[in-house]
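Position chain B relative to chain P; hints supplied.
Protein chains: 2
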Amino acid sequence: MPNGYNGKILRVDLNNESIEVEEPQEILYSRYLGGGTLALYYLLRELKPKSDPLGPENILVFSGSVISGTPAAGLSRFSVAAKSPETGGFGEAEAGGWWIPELKFAGFDAIVIKGKANRPVYLWIHEGQAEIRDAGHLWGKFPKETQDEIRKELGDDRIRIALIGPAGEKLAKVACIINELKHANGRTGLGAVMGSKNLKAIAVRGKKRMEVADGEAVQRLSKRLKDTYEEPYFSVGNLGTSRVTTMFSEQGILPTLNFREGSFEGAEAIGGETMSKTILVRRGTCYGCFVRCKREVQVGKPYFVDPIYGGPEYETVAAFGSMCGISDLKAISKANQLCNIYGLDTISTGSLISFAMECYKKGILTKRDTDGLELQFGNTEAMIKLVERIGNREGLGDTLAEGICHAAKKFGKGAESFAIHVKGMPVPFHEPRGKVGVGLGYAVSATGPDHMEFPHDPWWATEAGVTLLRPLGIFEPLDVFDIGPQKVRIFIYLQQYWDLLNTLGICMFTAKPFGPQTINGIVDYVKAVTGWETSLFDLFKVGERHVNMARIFNLREGFTAKDDTLPDRFFQPMEGGTLKGKMIDREQFSKALETYYEMMGWDTETGVPKRGKLAELGLDWLS
Amino acid sequence: MPNGYNGKILRVDLNNESIEVEEPQEILYSRYLGGGTLALYYLLRELKPKSDPLGPENILVFSGSVISGTPAAGLSRFSVAAKSPETGGFGEAEAGGWWIPELKFAGFDAIVIKGKANRPVYLWIHEGQAEIRDAGHLWGKFPKETQDEIRKELGDDRIRIALIGPAGEKLAKVACIINELKHANGRTGLGAVMGSKNLKAIAVRGKKRMEVADGEAVQRLSKRLKDTYEEPYFSVGNLGTSRVTTMFSEQGILPTLNFREGSFEGAEAIGGETMSKTILVRRGTCYGCFVRCKREVQVGKPYFVDPIYGGPEYETVAAFGSMCGISDLKAISKANQLCNIYGLDTISTGSLISFAMECYKKGILTKRDTDGLELQFGNTEAMIKLVERIGNREGLGDTLAEGICHAAKKFGKGAESFAIHVKGMPVPFHEPRGKVGVGLGYAVSATGPDHMEFPHDPWWATEAGVTLLRPLGIFEPLDVFDIGPQKVRIFIYLQQYWDLLNTLGICMFTAKPFGPQTINGIVDYVKAVTGWETSLFDLFKVGERHVNMARIFNLREGFTAKDDTLPDRFFQPMEGGTLKGKMIDREQFSKALETYYEMMGWDTETGVPKRGKLAELGLDWLS
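These protein sequence lines are chains P and B, in that order.
For the first sequence, counting from 1, position 423 maps to 423 in my numbering; every step adds exactly one.
Here my numbering runs 1000 ahead of the position in the second sequence, where the first position is 1.
With the rest of the complex left out, here is chain P:
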């Protein structure tokens, strides 16, 4: 038996407002570690297939990992998971911030929430205890007021709060969960699941010191991480994630005008360098991190933007910028703030608006449908208004809040061909025609397309990138347009790596390929914290376990191999930009999917994990 990690899981049943503390056997932590993998363990055991994602039967899990809360930089991330109301399949979203370390200091690794409260409530967790408190006075309130009131009534302004805004309360299928007003578990509509349970917020505060097996090693590894940090080529610390905007535009892979084009003339105006020179007031950060990639921006006129809501990440810049044909960074920042205030996923929200704009352009939507908004690409005012209307579920915004498939169906007239989604979730802003491995990731991801779930092709397209992958036995760089068996192999190894990072809650800007934490360094760190004689072999099996468990979740919900696909647009030539004319070859892509299934130990036709594979992963119980 492994030896060295004891933890607690908080179990909450909102139906009867009961609370229990579970102390799992250490073997559970060894096998699932935390994050979405631990969440899937509970979901697959306790959630009945075909449950209503917005019904009381859905289970909502907040999960850190065995290393969350320990001192190394980049461990601020955690997962929220449930059945997704946006896709109907496995829903998972990660966020950074300060919330998960605080939960660990309060004594818990994870919270498993069932049922629905018969009144608005919030959860207050501190010092190994938890209570369910009335949130009647908080319902309908924006995050800032909610946060202030909770801190005031509990008398501690260091309480960390994850909460939903009005969009979550109103069950918008693109609603997110926000902590510290600016860190979002953005995707798959989990804010609506929280809303459906009448759960406004989870407030946490703890003072427990984290115990680790080898304190000296933890300190040494944490220090080494800091000492060896160098800004990556795209200056994520200095210039934020949106530094890549101009670079992508030059490379022709900046999604523009609803993925019609790949270069955007306003790229520089909305990119990270401009942000730094104009509206940035502070570089923000997460718990214990030296990278400081987060942005805090301030705008006076014409849009008031308060730095307490942070600032737009790359995805948000692309969502409300190039995707909507808007080159006004202040407007984008406003849209970002509105999303954080209403509790909306910026990626899905921006994509929905871009989609609506294309429908408007094609005459599928008219001013009548938009309640008067002139929804041309580039119309800044209309974009901002539509964000608010989605958050408030008004008019066209109400339709869009139900998700892109629902909206496309309602619009009719061929709107579906402009809905750039997989499994019902809009595609994030990494152009698969310019990095084809990303396309494979979009197609096979159980959550729908997720830019935080698999690594992007350019990583392995250079000698330097490949050097980082040496522990995986990868020696040769492959072209970004390649989608042959060797690309699929690398994709699979990196998907497992990425799923491991998410499971452990490690931020990619502190881990290779962007940060100083080497792949083997992660093993050393897990050993130091837990005392387990683990290995990269063992930890990668956890990543593989995550992929397989999420797959099984979706199969139970009725998903099939047919759902592992890309929108037609990516099999059509790009209409503008540096890569104009580039498209994905449909046949090669099908072949890659088949190869992926085969390499995964899944049936090549149905994509169902074989019994042997499940048994090999210790997942016999899912056969």
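By construction, these hints were calculated from the structure, which means they are not laboratory data.
Please note that the accuracy of each hint is not assured.
Heads up, simulated SDA-like pairs for lysine to any residue below, C-alpha to C-alpha not over 25 Å straight-line [as the list claims (entries may be wrong)]:
| id | chain 1 | residue 1 | chain 2 | residue 2 |
| --- | --- | --- | --- | --- |
| 1 | B | K1008 | B | K1050 |
| 2 | P | K223 | P | T285 |
| 3 | B | K1610 | P | Q588 |
| 4 | P | K610 | B | R1611 |
| 5 | B | K1413 | B | H1456 |
| 6 | P | K48 | P | S623 |
| 7 | P | K613 | B | E1594 |
| 8 | P | K613 | B | S1051 |
| 9 | P | K610 | B | R1586 |
| 10 | P | K610 | B | D1603 |
| 11 | P | K613 | B | A1561 |
Below, chain B alone, put in the same frame as chain P:
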């Protein structure tokens, strides 16, 4: 690209007696490391399928690894590989001793030998050079004379020599290759391949210092290995491998009377403790090893046994002892010496005699067939005479020397049901009815049943055993009789581990579970020697590569899933001993085979590795 290992391969073509030195790209070493895996790389590329194993077209590879010759204990082992004349499939056998470190000091990692000399020759390798020398005067000579003469004519008595005896010259299909008179690459008949090439010996001498990437780490890890060594529970150093004889007999898993029974009344008389108290004169060892598990025994009367030929290992004790119903350790030692003198595999030879004894008992063989030998179980004289006759290929010995299938066919009258073999090679002396995972290993091994290719069930049947397997994510012990999916999973992981040990040339008595070298320690050591940022993930892929490449080798030769089986005897009840009545359930075993194929990424019906699996292992070139 990896960085840190440069090596040389010696290529010999005996057809025209030409010699070349190849300096492979480092990536080749990274992917294949050495041993049978590196050998398979050459065999699969350069040996035409369906070649005559005793024809000049067969390729014979002697291979160490990237870590052979460096200071840690237990690195004295190497592989010889070729197409096997005993099975017609992949032939591989490992041996310890002093030969491979010397080859490394002489500047080479491996030797790839093709063709057939038109006269007896030997190979002389020293200081990065090699020459082919006449061996006319050595042909027909026994190992001691051969060794003495070569050392004398080359003027260096520290030359290390791997050679064949008369059995190899006469193409006995159970002939082995011997170094230092007592270390045998025993199985799969590779001595005959050497004989078929007219190659009597390979003499090596080198003074090159091994270069390592991190000398301090190599020293530290080597010292730690030594400092942390404790005798395992079966006292392999003090009492030799045959210490287990009595233990196995008590447990009912000592193969007795051609696998009819599992306990032997003479077990104590032939076991390691008796050997230590009676005929042992010295504990022998291999290069740089502190375990000293080897035996050197001396017998005066009635059989002269010289300690220069070592002493019997457990397998040999069982082969000529319990299998033949013989409880005379001196006679067993004589048989061992004869095998080393004639160059015979003790396992196959003992098994052949035991088989013949059963045929004699059943009346299938009579005194006429045996040239007068009274071949009852327990007849010591007859046993010893038959060893010599096999070595000299006389009468019944000639028939047996052609292999167990050939002999069974020739005997007729149902003899085949007494031939306890898989793929034409006799089964070594680990009773699969008492450790069913071993049975799975026998069935699927590409070389035919090999006790050095997979770990034995009791390893993982205890809490302590399982602790050693923590880096593989194995937490729970399983019963020795279990053959369900979790057992198959552990079997697969350990098969890859074992194949990795063989590939690197690491002795199991210095590596876990018997020795102090932990599974993760092996990764550290490979890193220290090569400078590669490798991992257990990466190294286990090499083990997996070995299993798959050997499989492909056999498929090319016409083997099918039907060859992955056990002799009927193991599906029948044991007739005596502690486990009397125990048998393997045929249906469960079939199911386990299917599970094994599935977990391996092979077709569940045909056992053919899928394209996806081969691509994942970087073996696309074998599809």
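- Hint consistency between P:K610 and B:D1603 [alpha-carbon to alpha-carbon, up to 25 Å]: Within the cut-off at roughly 12 Å; holds.
- Take the C-alpha atoms of B:K1008 and B:K1050, compute the straight-line distance between them, and say whether it is at most 25 Å. violated, 29 Å
- Query: Given the hinted pair P:K48 and P:S623, is their alpha-carbon gap at most 25 Å?
  - Reply: Distance ~16 Å between P:K48 and P:S623 Cα, so the pair holds.
- Message: Against the 25 Å threshold, does the CA-CA distance of P:K610 and B:R1586 hold or violate the hint?
- Response: holds, 23 Å
- Query: P:K613 and B:A1561: Cα distance at most 25 Å?
  - Reply: Distance ~20 Å between P:K613 and B:A1561 Cα, so the pair holds.
- Query: Going straight from one Cα to the other, do B:K1610 and P:Q588 come out at no more than 25 Å?
  - Reply: holds, 19 Å
- Hint consistency between P:K610 and B:R1611 [alpha-carbon to alpha-carbon, up to 25 Å]: Cα-Cα ~16 Å, so holds.
- Query: Are P:K613 and B:S1051 close enough, with their CA atoms no more than 25 Å apart?
  - Reply: violated, 36 Å
- Between P:K223 and P:T285, is the straight-line Cα distance small enough, at 25 Å or below? Satisfied, since the Cα-Cα distance of roughly 18 Å is no more than 25 Å.
- Query: Within a Cα-Cα threshold of 25 Å, do B:K1413 and B:H1456 meet the stated pairing?
  - Reply: violated, 35 Å
- Item | Holds or violated: P:K613 to B:E1594, with C-alpha atoms at most 25 Å apart | Holds, because 12 Å separates the two Cα atoms, which is no more than 25 Å.
Violated hints, listed in ascending order, are 1, 5 and 8; each of the other numbered hints is respected by the structure.
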